[in-house]
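With chain A's structure known, arrange chains B and C on it following the hints.
Residue numbers (my numbering), protein chains in the order written: chain A, 817 to 1167; chain B, 817 to 1167; chain C, 817 to 1167.
No lab work stands behind these hints: they were computed from the structure.
Any given hint could turn out to be false.
Copies of one chain are not kept apart here, so a pair can be met inside one copy or by any two copies together.
Listed next, the in silico DSS-like pairs over lysine-lysine satisfying Cα-Cα at most 30 angstroms (straight line) [what the hints assert, rightly or not]: (1) 1118 x 827; (2) 938 x 1053; (3) 938 x 1118; (4) 944 x 920; (5) 972 x 1150; (6) 1145 x 920.
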Amino acid sequence: MKDVHTPPATKTNPGFFFEDYRVGQVIRHAVPRTVGSGERALYHALYPARHALYSSDAFAQSCGLAASPLDDLAAFHVVFGKTVPDVSLNARANLGYAEGRWLKPVWPGDTLRAESEVIGLKQNSNGKTGVVWVRSRGLNQRGEVVMDYVRWVMVKKRDPQAEAPETVVPTLKSALRPEDLVIPEGLHFSAYDDVLAGEPHRWGDYEVGEQIDHVDGVTIEEAEHMMATRLWQNTSKTHFDGTMREDGTRLIYGGHVMSMARTLSFNGLANAQMIAGLNGGAHANPCFAGDTVRAWSEVLDKAETPAPGVGAIRLRLVATKGGAPFTLKGEDGKYLPHVLLDLDYWALMPL
Amino acid sequence: MKDVHTPPATKTNPGFFFEDYRVGQVIRHAVPRTVGSGERALYHALYPARHALYSSDAFAQSCGLAASPLDDLAAFHVVFGKTVPDVSLNARANLGYAEGRWLKPVWPGDTLRAESEVIGLKQNSNGKTGVVWVRSRGLNQRGEVVMDYVRWVMVKKRDPQAEAPETVVPTLKSALRPEDLVIPEGLHFSAYDDVLAGEPHRWGDYEVGEQIDHVDGVTIEEAEHMMATRLWQNTSKTHFDGTMREDGTRLIYGGHVMSMARTLSFNGLANAQMIAGLNGGAHANPCFAGDTVRAWSEVLDKAETPAPGVGAIRLRLVATKGGAPFTLKGEDGKYLPHVLLDLDYWALMPL
Amino acid sequence: MKDVHTPPATKTNPGFFFEDYRVGQVIRHAVPRTVGSGERALYHALYPARHALYSSDAFAQSCGLAASPLDDLAAFHVVFGKTVPDVSLNARANLGYAEGRWLKPVWPGDTLRAESEVIGLKQNSNGKTGVVWVRSRGLNQRGEVVMDYVRWVMVKKRDPQAEAPETVVPTLKSALRPEDLVIPEGLHFSAYDDVLAGEPHRWGDYEVGEQIDHVDGVTIEEAEHMMATRLWQNTSKTHFDGTMREDGTRLIYGGHVMSMARTLSFNGLANAQMIAGLNGGAHANPCFAGDTVRAWSEVLDKAETPAPGVGAIRLRLVATKGGAPFTLKGEDGKYLPHVLLDLDYWALMPL
Chain A
817 MKDVHTPPAT KTNPGFFFED YRVGQVIRHA VPRTVGSGER ALYHALYPAR HALYSSDAFA
877 QSCGLAASPL DDLAAFHVVF GKTVPDVSLN ARANLGYAEG RWLKPVWPGD TLRAESEVIG
937 LKQNSNGKTG VVWVRSRGLN QRGEVVMDYV RWVMVKKRDP QAEAPETVVP TLKSALRPED
997 LVIPEGLHFS AYDDVLAGEP HRWGDYEVGE QIDHVDGVTI EEAEHMMATR LWQNTSKTHF
1057 DGTMREDGTR LIYGGHVMSM ARTLSFNGLA NAQMIAGLNG GAHANPCFAG DTVRAWSEVL
1117 DKAETPAPGV GAIRLRLVAT KGGAPFTLKG EDGKYLPHVL LDLDYWALMP L
Chain B
817 MKDVHTPPAT KTNPGFFFED YRVGQVIRHA VPRTVGSGER ALYHALYPAR HALYSSDAFA
877 QSCGLAASPL DDLAAFHVVF GKTVPDVSLN ARANLGYAEG RWLKPVWPGD TLRAESEVIG
937 LKQNSNGKTG VVWVRSRGLN QRGEVVMDYV RWVMVKKRDP QAEAPETVVP TLKSALRPED
997 LVIPEGLHFS AYDDVLAGEP HRWGDYEVGE QIDHVDGVTI EEAEHMMATR LWQNTSKTHF
1057 DGTMREDGTR LIYGGHVMSM ARTLSFNGLA NAQMIAGLNG GAHANPCFAG DTVRAWSEVL
1117 DKAETPAPGV GAIRLRLVAT KGGAPFTLKG EDGKYLPHVL LDLDYWALMP L
Chain C
817 MKDVHTPPAT KTNPGFFFED YRVGQVIRHA VPRTVGSGER ALYHALYPAR HALYSSDAFA
877 QSCGLAASPL DDLAAFHVVF GKTVPDVSLN ARANLGYAEG RWLKPVWPGD TLRAESEVIG
937 LKQNSNGKTG VVWVRSRGLN QRGEVVMDYV RWVMVKKRDP QAEAPETVVP TLKSALRPED
997 LVIPEGLHFS AYDDVLAGEP HRWGDYEVGE QIDHVDGVTI EEAEHMMATR LWQNTSKTHF
1057 DGTMREDGTR LIYGGHVMSM ARTLSFNGLA NAQMIAGLNG GAHANPCFAG DTVRAWSEVL
1117 DKAETPAPGV GAIRLRLVAT KGGAPFTLKG EDGKYLPHVL LDLDYWALMP L
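Isolated chain A (complex conformation) (with noise of 0.2 angstroms):
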């Protein structure tokens, strides 16, 4: 697959370019990666996680699991992070998320690596770039894909006379179907804490439509978002280099901004224990050191699911810096200024 470049000039990576994706190719990436109880704490300090089963091994048995398994989101960045380098690095704009889905809790001690699939290519009428999706899983020691989901992106050609290829636009779901998402084996809320969960709110305490501000607010700094995205392996250099805007400051990763969004959600929404879907997401104004990110939600939809005392519930998760809660777009249908995410997921609730 390798083989499709250009050969380098230099020994560094040169990254993807539009014309270097055919529909089918399949990328295996670079740098797999053990996480273990340090990534659990590093999780913990760098955002105010306090979902219970991601804190407590105790809290994860009680609900049929062996052990705490990593952070849903933490899962998903280190797959995301491998992603990178061949696949954002000439991207001038992350356009989408599709279809994501959490397959198998990843367990301290397993070795993640990542691979991704092209599945659609659609060249700009400029010329200059093009649309790029991919299919991109996570996989496990043994093979098994534990996370997948669709992203795209706009890639910038090497060579703006290089033809363009043939479009192809996947179809993707504009949201999960309950019956699409996999529920951890064994998992269950038949015994239930709400006390140590942090909040007696459960699945039928909450209205399709009924919105929540989650109050709190943390202001951010170029140390922990670099940490952060450093942990996830991410190498995109506009997270790290503060040479390259004038006032110095670096443009946070989007994952920084979920990962803090989500779990500033604990206050209104602690008993959303496990993220299972990721029916979309908006990455809607940058988020630099400085802002102070807030978050409020939204019940978009409530299913149940086979396991026992499990439901599943749809939330939109927005994450501001400023601004009243609640609003989201203007009247244009353009996000706010001060709206910086716009997530779409399903998560585990008990009954």
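For chains B and C alone, coordinates are given in the frame of chain A:
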């Protein structure tokens, strides 16, 4: 117990107000936490921690323990952090500590949870606030109490018209007696290696009244104190939200200063290996990023213990952000403005 | 050995002065340290570390090792940090390194301690300082030497009138020979996966004299370098105390720059998996928070090794804070002001 709350208007945690507490009430705190080698590494990254027993499994084993336990103050912070949403979310001031005891080492892999019993209540004469005394306990996954301590805080009333409760002021020891201290099972200092520990001064080399300037200073950064405070799952927003103060700084968690001072005290008290008792403590002045924290100690008392080679030493540990060493209070009896912390504790030291 | 000290006036460590050292003296350093998955996670959070063998247990196992060991430079930093209180507390300058060898991998759970033997002394002509050469060794809990290296520093005299010792200048190799390198037991690169490792360039693809610009840059924050330096229990106050310099910045530990440059060198040297020898190194200019660190390398030598599929490559690694790549010294033979580090090491690479 949660039923004494007024039902919340929203799903976010409003915290307890003064009139929600009853003497005898036991509050089980949320979010149990498994600790491991990640927490140990982070403790060493966030503080200049060098006490050999918490740094080295081999050293701890030479002192009769199975392994190096979680640092005593880290255990305290984890327990303290769990109490915050129920004890200090609506607190105006943290007034004091007493009768803190470390009862069992916390081993890597242990899961900690916490509960607090209300042992005193006293409404203030202004009718708007009251003092709440709680005895908080940390428990491991076997239900064993690993530490307990008394803390009292000034809490807002939700409704200033609410009737004052009967005043109950608990009788607290001004200091633990040596016989109150619990020595970890198996601990001995009969084959203690001074050189590996870092200093030759043992229990017999310290005199009551002796003062030690710990010399070193650490300038504090926002990223570090936030990471520490989050690691202990302390949710008090004043530590994280830079919009709460005009200058954007965040009030630093008092426990961060405790750990900073204790670890700085290695230089001169390297053999005060384990903390066994917390007699009292005052957060004399607030600490902010940019402050350079220094520490000095005074020997308050000494006692023998039944464990082989193990002596107890009672120490005052003072953290400052400037000023001359060994200065503490002004002629008016108030703490000088450069004093951050005045802590009174018992440590275990080789004879 | 400690008896050569003048008895300290206080209980804090005054460090060694030039006249406290004797050729042949062996100093056992304090504070043994158990390392584990927490240190690994932090290393990946603090540096853009991507070498697969230190990132993945599964990859390390495919190379014949039992698991992923502690990063080679992390092992160096832990050993170095232990030597600081006895070797460089009163040092004016860190003059050089030589004959550094990694002799055994450090596994998670291992406990490291350190000792140094004084192998050379030379009083400077000003009578106020002298040069001390030490060979420092890191040992694990089984007493096995895991690494050793020679370092020389300029140390203050306590008493300028003290008599000069006999001058002993050790004979040191300008570079280790290939046969001096110790290959970890069991290591082979006979089933090496280039794609997982991240780059196709192997030992045969590099030519002596070849230069590689590693392209990426990282802007350094105070919080990060302090966390790293503390993690290695390096107590040199200049790295932590912002009151020592007028502008409040802290001098960054030279080893932080080493690790930053080595991990940046992944981009172009992804297959230089393990460091086996340190031939020399100079901290050319100081580094401060706000500097953006970049790196370039030059191939100095190549050699075969007895291990299956394993080649050795000798590299110069230069860290800069600006300036053109491949510039190093001025016409006067002095390092250019943007050069931070000039390191000469042997790495192991698949044939």
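Right, here's what the structure says about each hint:
no.: 1; hint: 1118 x 827; result: between (51 angstroms within a copy, 17 angstroms between copies)
no.: 2; hint: 938 x 1053; result: within (26 angstroms within a copy, 46 angstroms between copies)
no.: 3; hint: 938 x 1118; result: neither (35 angstroms within a copy, 46 angstroms between copies)
no.: 4; hint: 944 x 920; result: neither (39 angstroms within a copy, 52 angstroms between copies)
no.: 5; hint: 972 x 1150; result: within (25 angstroms within a copy, 42 angstroms between copies)
no.: 6; hint: 1145 x 920; result: neither (35 angstroms within a copy, 54 angstroms between copies)
Hint compliance for this structure: hints 3, 4 and 6 are not met, and every other hint is.
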